[in-house]
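Undergrad: Single-letter residue listing:
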Amino acid sequence: GAGVSQSPSNKVTEKGKDVELRCDPISGHTALYWYRQSLGQGLEFLIYFQGNSAPDKSGLPSDRFSAERTGGSVSTLTIQRTQQEDSAVYLCASSLVGSPDGEQYFGPGTRLTVT
Amino acid sequence: EDQVTQSPEALRLQEGESSSLNCSYTVSGLRGLFWYRQDPGKGPEFLFTLYSAGEEKEKERLKATLTKKESFLHITAPKPEDSATYLCAGADGTASKLTFGTGTRLQVTL
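Those protein sequences? They're chains A and B, same order as listed.
The opening residue of the first sequence carries number 1 in our numbering; numbering runs sequentially from there.
The opening residue of the second sequence carries number 1001 in our numbering; numbering runs sequentially from there.
Keep in mind the hints are simulated off the structure, nothing from the lab.
A couple of the hints might just be wrong.
Said to hold, decoys possible - No farther apart than 30 Å at their CA atoms in a straight line, the calculated lysine-lysine pairs in the DSSO-like style are these: (1) B/K1069 <-> B/K1057; (2) B/K1069 <-> A/K57; (3) A/K17 <-> A/K57; (4) B/K1079 <-> B/K1059; (5) B/K1059 <-> B/K1069; (6) B/K1057 <-> B/K1068; (7) B/K1042 <-> A/K17; (8) B/K1069 <-> B/K1079; (9) A/K11 <-> B/K1042; (10) A/K11 <-> A/K57; (11) B/K1063 <-> B/K1042; (12) B/K1042 <-> A/K15; (13) B/K1042 <-> A/K57.
Claimed, not checked - Derived list of chain A stretches under chain B, where covered just means 3 residues or more per stretch with a C-beta under 8 Å from a C-beta of chain B: (14) 33 to 42; (15) 45 to 56; (16) 71 to 79.
To be verified - From the derived model, a few chain B residues whose C-beta atoms are all more than 12 Å from chain A: (17) E1009; (18) R1012; (19) E1017; (20) E1045; (21) E1060; (22) A1077; (23) K1097.
Cβ coordinates follow ideal geometry from the N, Cα and C atoms, glycine included.
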C-alpha cells in the first residue's frame, strides 16, 4: 500500500518568506509526527497529533512554526518569516497507534533551503 | 532530559566482517528502544522495537539487544547493501515523541 508522502520534496525560499510543507500519512494511521533533521544532528521532534486530542507542540522551536492536521489526515507544517537556521530536512511520520507502542513510518522528507 | 548517544559515528567494514553498533541512553521510564535504517535522501525505515532489558530481536543479518543502559545492533557477515545510517531512538513513559541519536554511518565494502 501507499506509504507516507510529503510535498514538495525540495523547497528553496528566501529569508523572510513563509513556507508550507505537506504530509499525507498512511490511511488509517491516527498518529502523525513532524521531525526536523539538520546536517550532523539527530532527528529533532517538532509536533505530534493523535486523533482528536490536542497536539503536543513541545518541540516547536519558536512561534514562527505551526502545524495543523485537517480531518485527522493531511497535515501542514508552516514556517513563517523563514531564517537560514531553518534549513533542514523536515520529516513526517505516522503510526497506527500513538508512540511508543506503534512503530513510526516515515515519509521521504522535504529538504528546505533558506537563502 | 532524555538523551541517546550512538557510537561510533562512522564504521567501515569489509563484506563478511561482523561488528556491533552501540546506543547508550538515558530515557526516563523507557517504554521502547527503536532502531531505524536511513538511506541517503530517504526517510528512516523501521527495523526493531525493544521493550525490556534482555530482549533480543533478529532480522536477516541484524540482531538488536537491550540492557538497562544501552542497546547494540549486531551485524553478522554484512553485505554492501547493508550500507546506511543506523539510528537509535528512545521513547519515555510519558512523552509522545522519540528521542533520536545522531546515528552510525555504516559502509560495507567488497
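Undergrad: If a hint holds in the structure, say so; if it does not, say that too.
TA: Going through the hints against the structure:
{"no.": "1", "hint": "B/K1069 <-> B/K1057", "in the structure": "holds (17 Å)"}
{"no.": "2", "hint": "B/K1069 <-> A/K57", "in the structure": "holds (28 Å)"}
{"no.": "3", "hint": "A/K17 <-> A/K57", "in the structure": "holds (22 Å)"}
{"no.": "4", "hint": "B/K1079 <-> B/K1059", "in the structure": "holds (14 Å)"}
{"no.": "5", "hint": "B/K1059 <-> B/K1069", "in the structure": "holds (22 Å)"}
{"no.": "6", "hint": "B/K1057 <-> B/K1068", "in the structure": "holds (16 Å)"}
{"no.": "7", "hint": "B/K1042 <-> A/K17", "in the structure": "holds (26 Å)"}
{"no.": "8", "hint": "B/K1069 <-> B/K1079", "in the structure": "holds (29 Å)"}
{"no.": "9", "hint": "A/K11 <-> B/K1042", "in the structure": "holds (16 Å)"}
{"no.": "10", "hint": "A/K11 <-> A/K57", "in the structure": "holds (23 Å)"}
{"no.": "11", "hint": "B/K1063 <-> B/K1042", "in the structure": "holds (23 Å)"}
{"no.": "12", "hint": "B/K1042 <-> A/K15", "in the structure": "holds (26 Å)"}
{"no.": "13", "hint": "B/K1042 <-> A/K57", "in the structure": "holds (25 Å)"}
{"no.": "14", "hint": "33 to 42", "in the structure": "holds (count 5)"}
{"no.": "15", "hint": "45 to 56", "in the structure": "holds (count 4)"}
{"no.": "16", "hint": "71 to 79", "in the structure": "violated (count 0)"}
{"no.": "17", "hint": "E1009", "in the structure": "violated (9 Å)"}
{"no.": "18", "hint": "R1012", "in the structure": "holds (18 Å)"}
{"no.": "19", "hint": "E1017", "in the structure": "holds (26 Å)"}
{"no.": "20", "hint": "E1045", "in the structure": "violated (7 Å)"}
{"no.": "21", "hint": "E1060", "in the structure": "holds (17 Å)"}
{"no.": "22", "hint": "A1077", "in the structure": "holds (26 Å)"}
{"no.": "23", "hint": "K1097", "in the structure": "violated (4 Å)"}
Of the numbered hints given earlier, the model fails hints 16, 17, 20 and 23; all others are met.
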